[in-house]
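Engineer: Listed here are the chains, written in short residue letters.
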Amino acid sequence: MERFELLRKLEGMHTAETAAEALSLGRQSALNLLSKLKKEGYVKTKGGGKQKRLYRVSAKKQRTRNRGMFDVINKYSPMKLAPWYDHQVHGNYGPEEALIDALETQSFRVILASMKLFNHITDWPKLYRLSREKGCWQKVGALYDVARLYFKVRKMPARYRQHKFLREKFLIKKYPTEEPVFYAIEKMWNVSIPFKEGDIRKAAS
Amino acid sequence: MILYEEQMELFALIGKNISRDIECYAFGGTAMMFYGYKDETKDIDLVFDEEAAKREFIKALERLGYEKTSALNIYAPEKLKDKHAPAMYRREDSRFDIFSRKIFKTILSPKMKEDVYAVHDFKHKHNLRLKVLRKEHIVMLKAVTERKNDFDDIRTIAEKEKSFDWQYLTDEAIWHYRHGDKWVLLDVEKMMRELKQHIFIEKKYLKQLYDAHG
Chain A
1 MERFELLRKL EGMHTAETAA EALSLGRQSA LNLLSKLKKE GYVKTKGGGK QKRLYRVSAK
61 KQRTRNRGMF DVINKYSPMK LAPWYDHQVH GNYGPEEALI DALETQSFRV ILASMKLFNH
121 ITDWPKLYRL SREKGCWQKV GALYDVARLY FKVRKMPARY RQHKFLREKF LIKKYPTEEP
181 VFYAIEKMWN VSIPFKEGDI RKAAS
Chain B
1 MILYEEQMEL FALIGKNISR DIECYAFGGT AMMFYGYKDE TKDIDLVFDE EAAKREFIKA
61 LERLGYEKTS ALNIYAPEKL KDKHAPAMYR REDSRFDIFS RKIFKTILSP KMKEDVYAVH
121 DFKHKHNLRL KVLRKEHIVM LKAVTERKND FDDIRTIAEK EKSFDWQYLT DEAIWHYRHG
181 DKWVLLDVEK MMRELKQHIF IEKKYLKQLY DAHG
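Quick mapping for you: the protein sequence lines, in order, are chains A and B.
The C-terminal residue of the first sequence carries number 205 in the numbering used here, and the numbering is unbroken.
The C-terminal residue of the second sequence carries number 214 in the numbering used here, and the numbering is unbroken.
Any given hint could turn out to be false.
Stated by the list, open to error - Heads up, incomplete: computed chain B residues facing chain A, CB under 7 Å, no partners named:
1. 9
2. 36
3. 37
4. 116
5. 118
6. 119
7. 120
8. 123
9. 125
10. 158
11. 164
It is worth saying that the hints were derived from the structure and are not from the lab.
Glycine included, C-beta positions come from ideal geometry on N, C-alpha and C.
Using the sequences plus the hints, can you model the full thing?
Structural biologist: Below, the structure written as structure tokens:
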């Protein structure tokens, strides 16, 4: 059977038994074939040991991934995101970089979920440098102060607070602050906070 | 031929050789490798939205020993007369086809820019951001570029991809036609007709193309 036809028949999730049945082969022959396809990159496995081993077969090669913004946020935030594109970073990538990328998306859910990253910021100078490069330190500071009201976060060194921001910015374009509880933060950083308290509670649970 | 792993190493190396952040869009065989449709490609097709980013990328290529080469025998002669034909750089058996804003007559549409399949960041001192176009855009651009093997690549995508969105492709082709690319409908229609001999494509998509052409 041609490789492509074979993959077409097998595409989807299988156990050794269902793969054998689909191809009208014996169990051991099916396992040998799955192992060969795995080496070629068409099969990813799950389970094994006490659990039943599952084989995910695809007609396309399943490349190994590097982690990206969605992976970092989903690792640390209880509010999970469904990525609408595959973001991968080849190089150093941690919560500091993910936070900056999250702010750049201008997406309500992504920014909301990224607030949990403040508890995992270990390198404040790096976060400061990166955000100054992208011109978004003002937004990072405002988001930090919002996060601090609701979650446990790591402390931001006081020296990063000593700025005056003349230009008004929005976390999300044209969404003004509506919650009175955020007025003080808006005033301090000159950044509008689009969230409602209920949104943030949702992100926390 | 460039293998997937070699391509990733090459991008990482270019990322180390740039002196500012760069963003570009990958299509053609490069994009197909990111999807996992194939393992090797003859050339790396990139389109830049910003001229300065393109210049910086070319500088990095030249630093790595790539030299400008002719597009003769690769693209059809009438395509090469187009002012948006690619700049081509070669080193041994790897080649970059670099476009600026337009792939011949086809512009980078808002949907191409927003609705990408993947974003790969090659971070070093500066960031090389590679946005991989959606499969429907890859097919449309392959229909437009009409090089050797382009039809085989289109067939591979259409056959391997269960969720290929023909309506999306049709809408995009019509959008490009209405924004000045007078050839795109003919190219896509020709490609669909040929493809119909191998896979099932609903008639309504061809009808939409004919209606748009008037």
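Engineer: Does each hint hold? Answer for all of them.
Structural biologist: Consistency of the hints with the structure:
A cut of 7 Å between beta carbons decides the hint on residue 9/B: the least distance to chain A is about 10 Å, and the hint is violated. Proximity of residue 36/B to chain A holds as hinted, the smallest CB-CB distance being about 4 Å (cut-off 7 Å). Satisfaction of the interface hint for residue 37/B is found here, the shortest Cβ-Cβ separation to chain A being roughly 6 Å, below the 7 Å cut-off. For residue 116/B, the interface hint holds, the least distance from its beta-carbon to any beta-carbon of chain A being 5 Å, beneath 7 Å.
Hint on residue 118/B holds. Least Cβ distance to chain A is approximately 4 Å, under the 7 Å limit. Taken as an interface hint, residue 119/B checks out: its beta carbon lies about 5 Å from the nearest beta carbon of chain A, inside 7 Å. Nearest Cβ of chain A to the Cβ of residue 120/B: about 5 Å, under the 7 Å cut. The hint holds. Annotation: residue 123/B was flagged as interfacial toward chain A, and the flag holds, the nearest CB pair being 3 Å apart, inside 7 Å.
Among the interface hints, the one on residue 125/B is violated; its C-beta lies about 10 Å from the nearest C-beta in chain A, farther than the 7 Å criterion. Below 7 Å, beta-carbon pairs count as interface contacts, and residue 158/B has none with chain A, the closest being about 12 Å; its hint is therefore violated. Interface restraint check: residue 164/B against chain A, minimum CB-CB distance 12 Å, threshold 7 Å, status violated.
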